[in-house]
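The task is simple: from the sequences and hints, build the whole structure.
2 protein chains.
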Amino acid sequence: MGIIVQKYGGTSVANTERIREVAKRVLETKKNGNDVVVVLSAPAGTTDKLIKMAEEISPNPHVREMDMLLSTGEQISIALLAMAIYEMGYKAISFNATQVGIKTDKAHTKAKIQSINSKKILEELKEDKVVIIAGFQGVTENMDITTLGRGGSDTTGVALGIALKADEVEIYTDVDGVYTADPRIVKDAKKINCISYEEMLELAGSGAKVLHLRSVELAAKYGMKIHLRSSFLPELGTIVKEEGENMEKAVVRGIGHSKNEAKITIVGVPDKPGIAAKIFGRIATENVNVDIIIQNLGGDGRNDISFTLPYTDLKRALEVSEELKNELSAEKVIYDEKIGKIAVVGVGMKSHPGVAATMFKALAEAEINIDMISTSEIKIACVIKDEDLVKAVEVLHNTFKLDNGGIKIEEL
Amino acid sequence: MGIIVQKYGGTSVANTERIREVAKRVLETKKNGNDVVVVLSAPAGTTDKLIKMAEEISPNPHVREMDMLLSTGEQISIALLAMAIYEMGYKAISFNATQVGIKTDKAHTKAKIQSINSKKILEELKEDKVVIIAGFQGVTENMDITTLGRGGSDTTGVALGIALKADEVEIYTDVDGVYTADPRIVKDAKKINCISYEEMLELAGSGAKVLHLRSVELAAKYGMKIHLRSSFLPELGTIVKEEGENMEKAVVRGIGHSKNEAKITIVGVPDKPGIAAKIFGRIATENVNVDIIIQNLGGDGRNDISFTLPYTDLKRALEVSEELKNELSAEKVIYDEKIGKIAVVGVGMKSHPGVAATMFKALAEAEINIDMISTSEIKIACVIKDEDLVKAVEVLHNTFKLDNGGIKIEEL
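Chain order of the listed sequences is A and B.
Going by this note's numbering, the first sequence opens with residue 1, and the numbers climb by one from there.
Going by this note's numbering, the second sequence opens with residue 1, and the numbers climb by one from there.
Just so you know, the hints here were simulated from the structure itself, not pulled from any lab data.
Heads up, a few of these hints could be off.
Remember, identical chains collapse to one label, so a pair may be satisfied in a single copy or spanning two.
[What the hints assert, rightly or not] Simulated crosslink set (DSSO-like; lysine-lysine; CA at most 30 Å straight-line):
#	residue 1	residue 2
1	K24	K52
2	K110	K278
3	K24	K49
4	K126	K110
5	K52	K91
6	K278	K385
7	K272	K209
8	K106	K120
Structural data, given as structure tokens:
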């Protein structure tokens, strides 16, 4: 009998038929005695169409106006869903971010939510209405419309859950949960019933693109439970929550991987303080999302600095790297446009260094060469050839017995 | 060197190519030293598409949600135009009705503007920006989004002109002005350079659908000059302003006509006080737009009550009329679904009753039968067979010498 926040993605509201299905699902939850707050994305395809129009007009559209443009998509979804709920005999009301006071900073196209005024929403819930809110968008103090970046509706959902002290935030999508590995690659991949915020963040950062990173960070900060599930199936999906509490004790929770990565190495960089800061500061201003960074000290007082990045950013990053090479009097820039990244993730490995050894051994036995290694407390990531990626996922899924509840500590 | 408000309709912003053309036109005005405020409609076709989606979901969509939905169309146009202006090296900023405080009453889908907060607009003009505002929409005190009804962007333009004390409001459309008759029918029809508010209202009410009625009423109330002109041609169009001032002294300014009208007669209504109020009160609740009403007292203490209405409302109005017939013990309901309406309009006829006689005589000589007559101070309207309409327009255009400056009083 609490408040439930349900977020539906673009494919769930792609057309009027699907919007009616969402209305039915929302009303089922309502009939079970819950107050329901719904967050919607724009209908699938709408945002892309708007971006295309903007790009026809300007190769580099003004960001404030871009947000003005893009925020229309969600407003269409929310109005249509409210109509559908009325048509089914219940009451509803839709709000855009401005109306409901989803305040953000001024960083257009990638704004961060600062506060939400829950008063209006709570008043409408008291009137027995389903409250439907435009995801992805916010408003600045100056009443300018902002957007939160691709996937930002997940973050709107979590932020609303926190502001309304909801029991949980249900995120409906076109997959039915988080898997131990990509089920399109590993046919024995199992749905994970429960995963910690940290693990989810590491998996998401390693290629499992099921939840917007910011939304998980926000949920972690406030301990808001996320239930990731399918819009089209009735089954429970994956719960993302605090570590520990009723969670299965697996050493490795899942395996993430990503293709379409590239690697750049600036060879022979003079070994002076502040060089790395200079290189990555410059690359960051180009909005290139650098992932793994490795620096090798050579014998001659020079370093090789390598980093991985999305393939789509390669061209831009190479231009900057060439400039940096000249400025820093480095030797040369080399790159590899066909690398892959694989990561094993699990809170169980915090105190068990044996996981890394097991992983490297399994890859070696499968004759997969490791190019770079990066670790966190709960993740070990390796850069390998992209042609080895599928085999690596299968081998590691098997090694860590993820088709069967996961390997136990004593088995390592 | 004052403020000019320019309103562009949906065909002028139908695609990105046309939006660029609007940007050029706006910047020409700006380069001439004016501050420019632009009001835009939704891209042509957008509103119809949104209405179709709503109707797929609900045969009678919730009006608040309908306004939420429809207001997205203008927001797309204004953002794209702002981008186009930036791309041409100038500054611009777009505002929806909420951001700029276009306050209306709560009558969703047909709201009336109550006030506009000009402060924000004036501030942005001082920053040398072109200010671009979403037409057609408003916001209630409670922050709900409203719309002003079809064609409402004209009204937004005029209301902004008044609030900003603009020199004039330019309304850009796909015709180049108001004509002495529909130029598709009368090949000698002449563009009217100057027309009074009253004449424009009567012509618009008689079928010349070039300006939203409310916008002319509003302009008349505050004496705001409207310049109606083509988006695609450089020539001056038609100025709508106070009567008198530099205006040509024609008896008849123009001829309006409309097809697709129907007529209903309730025959044998008992002649009692309050009957007409009852009939038209009931019909009004059905949102049927009754135009001409005529009541004939029969010899037997019974009346025949006839009225004209748009053909599209005929079915609904007939149902109500049948109910009323039974309640009032009238004899029967008859109707004619093929009538036309023709009207001659001109302030010059205020003190010259000869116009009516000239009109009736001309129609009689052309063997066009007059079914109903309705007059105002500056208009004489006749209901005729719709098949006679084209001929009637040609005959009257000729009779009143509208191809040649208009008939003079002494010629009547």
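Right, here's what the structure says about each hint:
1. For a Cα distance limit of 30 Å, the shortest separation of K24 from K52 across copies, 21 Å, qualifies, whereas the shortest one inside one copy, 33 Å, does not.
2. For the identical chains of this complex, K110 and K278 are intra-copy neighbours only, at 24 Å inside a copy versus 59 Å across copies, given an alpha-carbon limit of 30 Å.
3. Proximity of K24 to K49 under the C-alpha cut-off of 30 Å is found in both arrangements, the shortest distances being 28 Å within a copy and 24 Å between copies.
4. For a Cα distance limit of 30 Å, the shortest separation of K126 from K110 across copies, 29 Å, qualifies, whereas the shortest one inside one copy, 33 Å, does not.
5. Proximity of K52 and K91 under a CA criterion of 30 Å is satisfied inter-copy only: 22 Å between copies versus 36 Å inside one chain copy.
6. Only within a single protomer do K278 and K385 lie at most 30 Å apart by alpha-carbon distance; the minimum there is 29 Å, versus 84 Å between protomers.
7. With identical chains, the CA atoms of K272 and K209 are never at most 30 Å apart, being 38 Å at best within one copy and 75 Å at best between copies.
8. In the homo-oligomer, the alpha carbons of K106 and K120 lie at most 30 Å apart both inside one protomer (23 Å) and across protomers (18 Å), since each shortest distance falls under that limit.
Violated hint for the displayed structure: number 7, the only one.
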